[in-house]
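Enquirer: Start from chain A and add chain B according to the hints.
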Amino acid sequence: MITDHLVVLQIIIPLMAAPLCVFIRNANVTWALATVISWICLAISITLMQQVMATGEIIYELGGWAAPWGIEYRVDMLNAWVLVIVTSIGAVVTPYAKLSAEKEIDNDRLYIFYAMLLLCETGLLGITVTGDAFNLFVFLEISALSTYVLISMGKDRRGLTAAYRYLIMGTLGATFYIVGVGLLYMQTGSLNIADLGNLIPDIADNRTVQAALAFMTVGLCVKLALFPLHMWLPNAYAFAPSVVTVFLAATATKVAVYALVRVIFTIFGGVDILEAVQISDVLIAMAIVAMFAGSAVAIYQTNIKRMLAYSSLAQIGYMILGLSMNSVLGVSAGLVHLFNHAMIKGGLFMVMGCVVYRIGSAKLDDMAGLGKQMPVTMGAFVLGGLSLIGVPLTVGFVSKWALLQAALEKGWWPIAVLIVISSLMAVIYIWRVIEVVYFQAAPAGRAAVKEAPLMMMIPMLTLIGAAYYFGIDGTTTMDIAGRAAEALIGGLK
Amino acid sequence: MMEFPGQLIYWIVVVMMMMGFYIVIAQGNFVKKIVGLNVFQVSVFLLYITMGKVTGGTAPILADGIEIYSNPLPHVLILTAIVVGVATTSLGLALVVRINEEYGTIEDDDILEQESDA
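So the protein lines, in turn, are chains A and B.
If you're matching positions, the first sequence starts at 0 in numbering that gives the first Met the number 0 and goes up one per residue.
If you're matching positions, the second sequence starts at 0 in numbering that gives the first Met the number 0 and goes up one per residue.
Chain A with its partners taken away, still in its complex shape:
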């Protein structure tokens, strides 16, 4: 039955479609193909989610080779959740991509853009679905290499240096990760994530195993851009073509967070590793610095794409803070913020994509007076901004409330206060934009600006709308994140 193979089809379909794009070479046809594929992926991931909710974990042995010798793909609540996040963003981004990419990427290279977008999605889905630590590295590099190409495709030459710097940092990070995997293999003779989770408790005091944990954590923190390993991110997001930024901001760092969760709570799940070697304190400290430094630097940015990139750094801080609390509430707060932040940032970067499409610039000064000329787009920015701040009835509120509860459950009053203060810093940088856009007159020389085209507006409003839908009724998302967190923390016992 074809449905038995859904887990692997999720990877194979986009993987096969990518080279097909290169053969087709026609921009419109490749766009149509990429759109269809991304919707097929979404359908598969939703089906998988339903299967997992109905019958529990799905285990798929590649080529029929039994684990731990063969590679196995394993989908549980957490994977299925991340799969849905990645594929739904992919499905919204591809329709949006057409006009935005035509504007910002050389038209004779558009087919490569769609091929790379599909490869990037393949890599991200692969990281999520695989149950093998080395296979994870391979997918990590597939997504990373295609990301470097995507970032360098814009017309701004600074995109090239941003891609180069990301290549250096990303490769260092991925290499750190395989050093970690190698050290674990030395000690256990296994590469299967679940198998490692069973073998490690007996040898957790071993120095080699702890070195492996250090290598893997640092490597993945480069990928997810945790302060102070974030230097590649702001320029990469600011100078990549807008649609690439939307896709990366909403998926790439989230998948890296997922990989870190797997390392900490599944591979090292048998020993309460956050407590045992006290990396929890380090991660919490870094997360809090990220929350403040990210927001503070965002306030001074003149390029709004760059401002949102710094704000992403702060948001990654919230996710890591939640995870490193090492409690069911904390982890579920971190996981729900993965989804919520994907919607908010995806939506906000889509707004910026529309602005760049119409005025050709993401600079704050150039955006003066847009509030009257692009009312829907700017309205979406205000709504997305409110959600970023965490106003009630938005998804931002749902995840910050969960995070606050988790901090209070532990009795960490100072951290709860810090969460609130850093959220308020978002008010400042969002307000700066609102002030310029609504209360300053349009510059005299600028030709009349029209509202963004419908094909870009609909995906944008879908994401912003979703950010309110799941904000008003957060029970579904919190329930899924809660069940995933319980399964993870349950592994500790």
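Hints are computed from structural coordinates only; laboratory data are not their basis.
Honestly, I wouldn't trust all of these hints.
[Unchecked claim] Quick look at which bits of chain A chain B covers, simulated, 3 or more residues with Cβ under 8 Å:
(1) 138 to 147
(2) 158 to 169
(3) 379 to 390
Just so you know, these numbers come straight off a predicted model, no measurement behind them.
Idealized CB from N, CA, C, for every residue including glycine.
Expert: Relative to the frame of chain A, chain B by itself:
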């Protein structure tokens, strides 16, 4: 305890790794950074190849009269990593070529200067 130079090969791996890492950080030339990145990656290849060796073992090919074989799995793994490394290097160098076309230089300092003017 590890006796110096008891596990000489690991010392070589660590020294190579740090040399590569240092080149990546300290060099301002984009091509030299990639050279450093390669040294860094090759040290990891060595680490993997080393761990596959079984004392007295031979190449893992079935033959009469041979009892002990080295572990082939790390070699296979690192073959994948080598391919990834080649892809990364070629993409990195391709980017350097494009950077040189756009900026007229591949020195980090000069590029930062040009970017701060823009």
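Enquirer: Please go over all the hints and tell whether each is borne out by the structure.
Expert: Each hint, compared with the structure:
no.	hint	verdict
1	138 to 147	holds (count 3)
2	158 to 169	holds (count 6)
3	379 to 390	violated (count 0)
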